[in-house]
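Peer 1: The chain contents come next:
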Amino acid sequence: MSREFVKFPRRLARTCLLIGMLAAGAAFAQTRDVLRVGIGDMPTMLDPQAYASITGLRFYTNVFDALMKLDPFTSEIEPALATDWQRLSDTTLELHLRPGVLFQNGDPFTAADVKFSIERVLSGNPIYANARAMLSVIDHVEVIDDLTVRVITAAPDPVLELRLANLWGDWIVPQAYIEEHGDEYFQRNPIGTGPFMVTLYEPDRIELTVFDGYWGEKPNVGKIVYRGIPEPTARLTALVNEEIDIMSPVVSDQIDTLSSYSNVSVQCHPQNLIHLLTYNTANPLMADPRLREGINLAIDRDLIIETLWAGRASATRGFQFEDFGDMYLDDVPYTEYDPERARELIEASDYAGGTLYYDLVPGYYENDLQAAEAIVEMLAEVGVKVQIRTTTSFWLNADRAIHPWSYAERFPDPVAGLWLLFGPDGTRQAKGRNDWIDPSEQFNATGHALAGTVDQATRKALWTDLHAMWLTEAPGTTLWRSAICTGVNNQVNWNIYPTQTMDFGARNLSFKD
Amino acid sequence: MNAGSYLWTRLFRSLLTLFAILLVAFLATRLSGDPTQWLLGDTATPAQQDAMRSELGIDKPIPEQFLRYLRQIVRGDFGTSYFEHRDVLVVLGERLPPTLQLMALAIAFGFALGITIGIVAAVNHDRWIDRALMMITFWMYAVPNFVLAIAMILVFSLWLHWLPSSSYGTWAHAVMPTLALGSSYAALVARITRSSMLDTLGQDYVRTATAKGLARRVVILKHCLRNALLPVVTLVGLVAGSLVGGSVVIETVFAWPGAGRLIVNAVLVQDYPVLQVAVLLVATVVIITNFLVDSAYALIDPRVQYAR
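For the protein sequence lines, the chains are E and X, in the order given.
Numbered according to this note's numbering, the first sequence terminates at residue 531, and the numbering increases by one at each position without gaps.
Numbered according to this note's numbering, the second sequence terminates at residue 370, and the numbering increases by one at each position without gaps.
In case anyone wonders, no lab produced these hints; they're calculated from the structure.
What you are looking at is a predicted structure, and each value in this text was computed from that prediction instead of being measured.
Yeah, the Cβ is synthetic: ideal placement off N, Cα and C, and Gly gets one too.
Take these hints with a grain of salt, some might be off.
If you want a taste of the chain E side facing chain X, the calculated C-beta under 10 Å gives, among others [claimed, not checked]:
no., residue
1, Ile-145
2, Asp-222
3, Glu-225
4, Thr-409
5, Thr-445
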């Protein structure tokens with residue numbers, strides 16, 4: 019069949035779609051024509067697989083769909099482009115796809131697009147590295163028919179459904195469109211199956227227009243205009259002046275100012291991000307786990323949460339979020355503050371008073387420098403001498419002892435948390451990194467068992483052991499769960515999600531009279 | 063030296079200057095850090111970083127990288143942005159027009175206001191109006207442009223609702239960024255115009271012109287101002303480079319989508335190709351501006367000769 023014959027039905031479909039969109043636009047007035055959003059930084063591209071990042075999450079939910087999605091607050095798996103699914107074996111998941119779904123150029127969505135999207139991420143191209151980290155367990159994808167697809171993993175994977183619902187790798191992209199135009203064109207002119215289509219992409223301005231061929235509930239707004247406003251004060255002024263309707267983020271010292279205006283409100287929510295400290299055990303000064311455990315006990319997290327974060331951050335029960343569901347270890351205590359015990363451990367350790375360097379990139383994490391200054395004082399109280407060094411890279415100085423890090427939840431399970439970050443395939447144990455050079459064999463064996471076991475009760479027992487070992491071996495510590503604050507005009511009903519996703523779909527955006 | 067030889071000499075010197083600047087920029091970027099951390103995020107393994115360094119060609123010795131880069135430039139290939147995955151010239155091409163527009167507006171505003179203030183102050187030498195204007199220009203020069211920017215946003219956007227607080231597109235969006243960037247420049251021009259005018263006002267030919275019965279306006283604008291303009295024009299060349307620096311701050315405060323912010327961001331994330339071309343472009347703008355300034359001398363004062 020010639021290429022022209024293949025193109026013709028697509029062109030016809032596009033024409034029909036365009037006529038339909040115009041007719042629909044005339045028949046149904048939107049609740050509001052435009053929503054204006056001011057954000058601190060803009061994405062360098064809008065390819066959801068190549069630019070898997072928090073900045074990108076402000077756009078992707080509105081333009082693209084995944085096979086499944088996680089409820090933003092409960093993390094329950096919900097159908098999206100896949101309507102139902104079942105395990106055929108420990109390594110095979112069969113998914114049935116939603117019929118009648120269209121891409122924003124009028125092309126129909128089929129199983130071939132699923133296979134293409136997953137295999138695109140799994141290709142060796144380093145640009146997809148972040149997305150690939152989520153899906154690398156997948157061996158291949160089989161297309162059964164247009165609306166049925168099988169995902170086959172190389173080994174049993176207990177969390178395959180969660181992987182397919184995560185926000186960092188599972189977006190479905192159009193095979194025909196990308197093959198016709200190329201990856202570089204797609205990065206600037208993406209199309210998906212979501213409720214909005216990208217109609218303008220300039221360095222500091224992105225516009226999304228409602229897609230009337232969307233399979234789900236129609237949004238309550240016709241157009242979203244994103245403006246990049248890097249300066250927090252300018253963002254605040256634009257919100258108060260009603261030049262924009264939503265601003266994100268609101269920085270800590272703006273909360274009181276914004277709260278004093280009657281036309282806007284500040285919303286602060288816990289974020290699915292835990293701030294960490296990690297220790298370089300290759301540094302001889304940090305080699306003794308008793309010193310590291312002592313440091314963990316000497317940090318008064320509650321004090322920092324109350325003062326620096328004004329109570330917006332929160333303590334965690336170790337390396338986990340509440341949305342882990344059955345895997346949540348509710349008997350793990352909130353990280354303790356016990357300076358007496360810390361002093362005993364440090365005195366019993368090999369630490370003889372050398373200076374520990376605390377390296378950080380100022381501003382990379384909210385409140386990082388101020389927190390570091392407080393922690394340095396707290397450690398001095400228990401006899402540990404720490405000096406802050408600011409740097410442009412976490413890994414530049416081999417003699418560093420401590421540096422800040424974070425755990426952003428990809429999906430609610432420890433294999434995408436502690437095991438991903440501190441396991442043998444993660445950064446901490448990586449060869450040449452000089453970070454955590456002395457993990458116990460037991461730690462790694464337990465983690466491998468956790469990642470490959472399907473039985474839930476066994477998994478929970480393994481997770482309990484793994485977490486306890488991490489606390490004892492102490493290659494790092496959790497500090498607090500951070501918060502995200504946004505400013506919203508009082509006429510707008512909208513919430514940012516804990517993942518920092520900005521969802522402007524019908525279920526999360528409406529307007530007051 | 064005739065004009066042709068003069069131009070060729072200037073061109074040769076300019077190319078040498080650009081080469082030296084490119085070399086310094088290249089070395090400085092290579093010594094400033096590792097872009098793979100920003101490209102791959104803080105969960106990348108050393109193996110992933112090594113693979114990325116190899117793909118970008120930054121694992122080779124620096125002299126080899128530089129030679130390869132020179133060969134690329136000669137072919138007209140200025141590289142691809144590490145982060146936007148697009149041709150650097152396209153990325154900068156999107157950002158440069160707003161910056162050039164802002165710089166041109168600031169220079170025009172600075173010139174117009176500065177020369178006017180300078181003339182009024184000079185012809186009213188030692189009177190209250192002279193002192194008042196010099197006091198005002200002192201403040202215009204001393205107040206940092208970002209402070210002025212925030213004060214204007216407070217007054218004109220938040221209180222009076224006359225102007226949009228940020229963004230780009232209409233004349234209204236350009237008013238506050240132009241004033242904020244151009245005010246210290248206007249103050250500088252005003253002070254230099256005033257002192258230069260005071261020099262010329264005391265010259266014999268001015269007394270002669272006045273004695274001939276010429277109107278005071280003609281004496282001031284034709285006989286004094288034209289002679290007083292040379293040092294003022296020199297300023298354009300001197301401040302062209304600093305205006306680029308100033309525009310970085312102003313672009314950030316007003317969310318003006320210019321090259322200044324792109325350059326700062328490229329520094330932060332070590333986007334070498336963008337940085338190198340940006341430095342070259344800024345240097346070219348400064349060189350061209352200075353060339354135009356030198357050429358303007360001859361127009362303003364025909365006694366000025368092109369000389370080695």
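Peer 1: Each hint should be assessed against the structure and marked as holding or not.
Peer 2: Here is what the structure says about each hint:
The closest approach between the C-beta of E:Ile-145 and any C-beta of chain X is roughly 7 Å, which is under the 10 Å cut-off, so the hint is satisfied. Because the closest C-beta pair between E:Asp-222 and chain X is about 4 Å apart, less than 10 Å, the hint holds. Residue-level restraint check for E:Glu-225 is violated (minimum Cβ-Cβ distance to chain X is 13 Å; threshold 10 Å). Satisfaction of the interface hint for E:Thr-409 is found here, the shortest Cβ-Cβ separation to chain X being roughly 9 Å, below the 10 Å cut-off.
Proximity of E:Thr-445 to chain X holds as hinted, the smallest CB-CB distance being about 5 Å (cut-off 10 Å).
Of the hints listed earlier, the one the structure fails to meet is number 3.
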